[in-house]
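Residues per chain, in single letters:
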Amino acid sequence: MEIVPILAALRRNKSGALLAVVQIALTLAIVSNIVSIVVSRTYLMTRPTGTQEHELFALGYRLTGGIANVSTLEADLNSIRTNSDVVDVVATNSYPLRGGGWLQGSVGLIPGALSSRRLSAHTAVYQMDQHGLGTLGLELLEGRNFNAAEIERGQTGTDSVPLVAIVSKALALELFPHGSALGKLIYLTFDPDRPIAVIGVVDRLQSPGAAGTIDEHASENSIILPIVAAGPIGLFVVRVRPGTLDTAMREVQDALFKTNPNRIFGRLRPFDEIRRTAYQKDRAIAIALSTIGLVLVAITAFAIVGLTSFWVIRRKTQIGLRRALGATRLGIVRYFLLENALLCSVGVAIGAMTAETLSVWLWSRYGTDRLPLFELLSSVLIVAALGQGAAALPALRAARISPTEALRAL
Amino acid sequence: MLNYHFRLAVAGIRRNPVLTLLIVAAVSFGVAMTMTAVTVLYVMAGDPIPGRSGQLFAVQIDSGGPPSRKAGDPEPATQLTYRDALALLDARAARRQVAMYETSMTVAPANPSLMPFSIFVRVTSPDFFAMFDVPMLYGHSWSQSNAPQTGPIVVLGKKLNERLFGGTDSVGKSVALNGASYQVIAVTDDWDPKPRFYDVIGGQNFEEGDDAYLPLALSIGRGLSTAEYVTCPPGQPPGDTFADMLRSECVWLQFWVQLPHQAEVAGYRRFLNNYSRDQQRSGRFAWPANPRLRNVRDWLVAQKVVPDDARLSVIVASGFFAVCLVSALGLMLAKALGRSAEFGIRRALGASGRDLFSQVVVESGIVGLLGGVCGVTLTLLCLRALRTLFPGGMGRIAQMDESLLAATIALALLATIVVGFYPAWRSMHVAPALQMKGG
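Read top to bottom, the protein sequences are chains A and B. Under my numbering, the residues of the first sequence are numbered -11 to 398, in order. Under my numbering, the residues of the second sequence are numbered 6 to 444, in order.
Just to be clear, a hint being listed does not mean it is correct.
Here are the simulated SDA-like pairs of lysine to any residue, each with C-alpha atoms no more than 25 Å apart in a straight line [as the list claims (entries may be wrong)]:
(1) A:K2 x B:T25
(2) A:K246 x A:L51
(3) A:K304 x B:I350
(4) B:K178 x B:F122
(5) A:K304 x B:A185
(6) A:K2 x B:R168
(7) B:K163 x A:I252
(8) A:K157 x A:G142
(9) A:K304 x A:L325
(10) A:K304 x B:K178
(11) A:K304 x B:R431
(12) A:K304 x B:R19
(13) A:K2 x B:L142
(14) B:K163 x B:A185
(15) A:K157 x A:G122
(16) A:K304 x B:R168
(17) A:K2 x B:R359
(18) A:K172 x A:Q118
(19) A:K2 x B:W430
(20) A:K2 x B:N21
(21) A:K304 x B:H434
(22) B:K178 x B:L142
(23) A:K246 x B:T111
(24) B:K164 x A:F253
(25) B:K178 x B:R168
(26) A:K172 x A:K269
(27) A:K2 x B:L342
(28) A:K246 x A:H110
(29) A:K246 x B:S363
(30) A:K269 x B:M405
For the record, the hints were derived by calculation from the structure and aren't laboratory data. Keep in mind it's a predicted model, so treat the numbers as computed, not measured.
Bound conformation, chain A alone (with noise of 0.2 Å):
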């Protein structure tokens, strides 16, 4: 067709042509990563804890005076319970995305075994009673709740190793691979007699620390023993009708404040905050990224429209000349189109290989995810459509020009 009149073209106008497939092909190759990294971060953004996080707040409070046993423990949990916007409440180490603290903990399949990596799993280790299953909306696989009789009940820093055990399914696979966790024993310390039986698996429960990792096991595995621990320093996780959050915070607080007026509160925390605050850098780089991606996409665009408009005006008496000698407005909208595709391909392609090539590099040095294919395709579609359009415009203006008015200026 018109290949060879372009490619002649571009022969006399070598550096005008090396800079737009730089380009374009410097632009994917950025683009692309910036895609990937987002997407991986997104993902990252939205894994689910397994709770039933839109009607969940968690408050942490210390007592300065008054007693603290398991008796006024449970009237605090009580005195919530009365509230009628509130599901449940469980007392708690920790909840998940709560952020870091000593919550890691390893549980073996033999006693002995704990430092043997085959044999064990590390693990995040939450301490709730019967309620915390309700309150925290988990859903169980397998087996049942613990009931009344199976809590251990003490002060904090009393030596008690329950006999029942709740696991995650993450962990649960990964202590016992082949069947079912269900009614198999496990040690969570060196001494022989203190098995723990784990008698329900439930389908998700994050770890506190599951922000900050990308690890499956770190993020997802979680072991909830039957253990309520009364002291100065406490932990509620609530559970409220959905769309009562608000004002069943202030209520639990202020009813709280009534059986102990010694107390200072940490903030009320609302779980989508708790997952806001937990993903916040995530998130911020998402968005910073995102925002590069868009002004570089911007400037290559701009900067695709000003070199054609300038070659348009350069080849003023040429597209005249054509026009007289009989070429058509569509001849010459396609000619610019043409040649800009010839040179959006080749950028694309050099773009594609370097973006390849960087995430590989980003990959190996960095840890971030491969780009994937999909995710590369995508962005050479948007590469090469941007291109296409910002030479879109001079290609239409060039189709305007007169023949009569280019040649009189020969």
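For this one, chain A is given, so just place chain B on it according to the hints.
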């Protein structure tokens, strides 16, 4: 002559405002993105304690051994057990040594109408203030000799002193912490190493510092436990009481030493190896000696204090800058070639190739300067955006200072002038006659 170039350049820019605007935009965006990313990395990786970072060393003792970590990972725990920390303190094998941890306490303000609030207190052995060069606003910190004898004493941070005493000299006054009374013996001045290298365990490396400081011996006596990470070897929980915790193999204290001379570093390394071997001999460690002694810089690298995200953003930003420069180059080339006729006439009227070359370079310089100025504005906007996006630690980091301002403008100027050489070189080779005919 430069004046003439300048006037011609301004005329040239005015003849082609859209193209010039695009070039300026490309340059300023590129510069702004790069500088924003570099600022963040610069501060994050910056030397937190200039002049001393080569003398201060973090100590790690492998008290957990291979069972406490992933297979193939030789890195011992970042913190020490209480017994190791105490043993190293007592040994006094370094010029200065400090064992410390952070605890959380409740302050009850003297004014009963004010609510009690929580603060973070650094519990530390005496050398802390001298070793880390902490400036004092009022009073003197506790020294080696008087710590155990005198009663409950506390050093307040400047911010807490402002909150409790309105910033006045509070030395000698008392503060209620966790319901007990502590006497203020000193108030620190602004002291805020970025990152907080001496305590990166919690990952909150860029957060605000400590509110107050308590002596280690006093706090241990009062059973103040750490508010930070406690890591225990698998299957060896910390026990139930504070005394159990002190005896346990759990790690929860940070240990730093000051070793001003190279010979002392080697000596201390030997000391740590010997200490580990003694533990091995006594049957406590069932693995070879594996201590670590790292200066501030190596420590920050080993603890991965500069988040990969910061480096990642610099890579992305550099790529961005490259694209912007290529855009600018293309546009500048277009602009220069578009003026071939003008250059042809000037050549015919006697201007030398060098004249035209410097003419175009001056034009690039002006565009670069404009780009730099816009780039500074954009950088400010980007940094503000970063502060809103990442509240907390980032707010203190994402700040513009004079050197950054100068660097932004310089980068824009330099980049455009370098990029401008090619169009300038092309302009130089305009053949006068051909252009005259065309015009």
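Hint check results:
1. The hinted pair formed by K2 of chain A and T25 of chain B meets the criterion: a straight-line CA distance of about 23 Å does not exceed 25 Å.
2. In summary, the hint linking K246 of chain A to L51 of chain A is supported, as the alpha carbons are separated by about 13 Å, within the 25 Å threshold.
3. The straight-line distance between the Cα atoms of K304 of chain A and I350 of chain B is roughly 21 Å, inside the 25 Å bound, and the hint therefore holds.
4. For a cut-off of 25 Å, the pair hint linking K178 of chain B to F122 of chain B stands: about 19 Å separates their Cα positions.
5. Simply put, K304 of chain A and A185 of chain B have alpha-carbon atoms about 88 Å apart, too far for the 25 Å limit, and the pair is violated.
6. For the hint pairing K2 of chain A with R168 of chain B, the CA-to-CA distance comes to about 68 Å; that exceeds 25 Å, so the pair is violated.
7. A threshold of 25 Å between alpha carbons decides the hint, and for K163 of chain B with I252 of chain A the separation of about 24 Å falls inside it, so the pair holds.
8. For the hint pairing K157 of chain A with G142 of chain A, the CA-to-CA distance comes to about 29 Å; that exceeds 25 Å, so the pair is violated.
9. Taking the CA atoms of K304 of chain A and L325 of chain A, the gap is about 16 Å. The hint holds against a cut of 25 Å.
10. Taken as a hint, the K304 of chain A and K178 of chain B pair is broken in the structure, with Cα atoms around 86 Å apart against an allowance of 25 Å.
11. For the given pair, K304 of chain A sits about 21 Å from R431 of chain B by alpha-carbon distance, which is consistent with the 25 Å threshold.
12. Restraint check for K304 of chain A and R19 of chain B: satisfied, since their Cα atoms lie roughly 22 Å apart, inside the 25 Å limit.
13. At most 25 Å may separate the alpha-carbon atoms for a hinted pair to count; K2 of chain A and L142 of chain B exceed this at roughly 67 Å.
14. Taking the CA atoms of K163 of chain B and A185 of chain B, the gap is about 21 Å. The hint holds against a cut of 25 Å.
15. Of the pairs offered as hints, the one joining K157 of chain A and G122 of chain A holds, with about 17 Å between alpha carbons and a cut-off of 25 Å not exceeded.
16. Between K304 of chain A and R168 of chain B, the direct Cα distance comes to roughly 73 Å. Violation of the 25 Å bound is thereby established for this hinted pair.
17. For a cut-off of 25 Å, the pair hint linking K2 of chain A to R359 of chain B stands: about 24 Å separates their Cα positions.
18. A distance of roughly 20 Å separates the Cα atoms of K172 of chain A and Q118 of chain A; the hinted pair therefore holds under the 25 Å criterion.
19. Restraint check: the Cα-Cα separation between K2 of chain A and W430 of chain B comes to about 15 Å, which is no more than 25 Å; the hinted pair holds.
20. With a CA separation close to 23 Å, the supplied pair K2 of chain A and N21 of chain B stays within the 25 Å bound.
21. Distance check on the hinted pair: K304 of chain A and H434 of chain B sit about 22 Å apart at the alpha-carbon level, within 25 Å; holds.
22. Restraint check: the Cα-Cα separation between K178 of chain B and L142 of chain B comes to about 15 Å, which is no more than 25 Å; the hinted pair holds.
23. With a C-alpha separation of about 21 Å, the suggested pair K246 of chain A and T111 of chain B falls inside the 25 Å cut-off, and the hint holds.
24. About 22 Å separates the Cα atoms of K164 of chain B and F253 of chain A, which keeps this hinted pair within 25 Å; it holds.
25. A hinted pair counts as satisfied when its Cα atoms are at most 25 Å apart, and K178 of chain B with R168 of chain B qualifies at roughly 14 Å.
26. Restraint check for K172 of chain A and K269 of chain A: not satisfied, since their Cα atoms lie roughly 40 Å apart, outside the 25 Å limit.
27. For the hint pairing K2 of chain A with L342 of chain B, the CA-to-CA distance comes to about 13 Å; that is within 25 Å, so the pair holds.
28. A C-alpha spacing of about 40 Å is found between K246 of chain A and H110 of chain A, which places the hinted pair above 25 Å, so the restraint is violated.
29. For the hint linking K246 of chain A to S363 of chain B, the alpha-carbon distance of about 82 Å lies beyond 25 Å, and the restraint is violated.
30. Of the pairs offered as hints, the one joining K269 of chain A and M405 of chain B holds, with about 21 Å between alpha carbons and a cut-off of 25 Å not exceeded.
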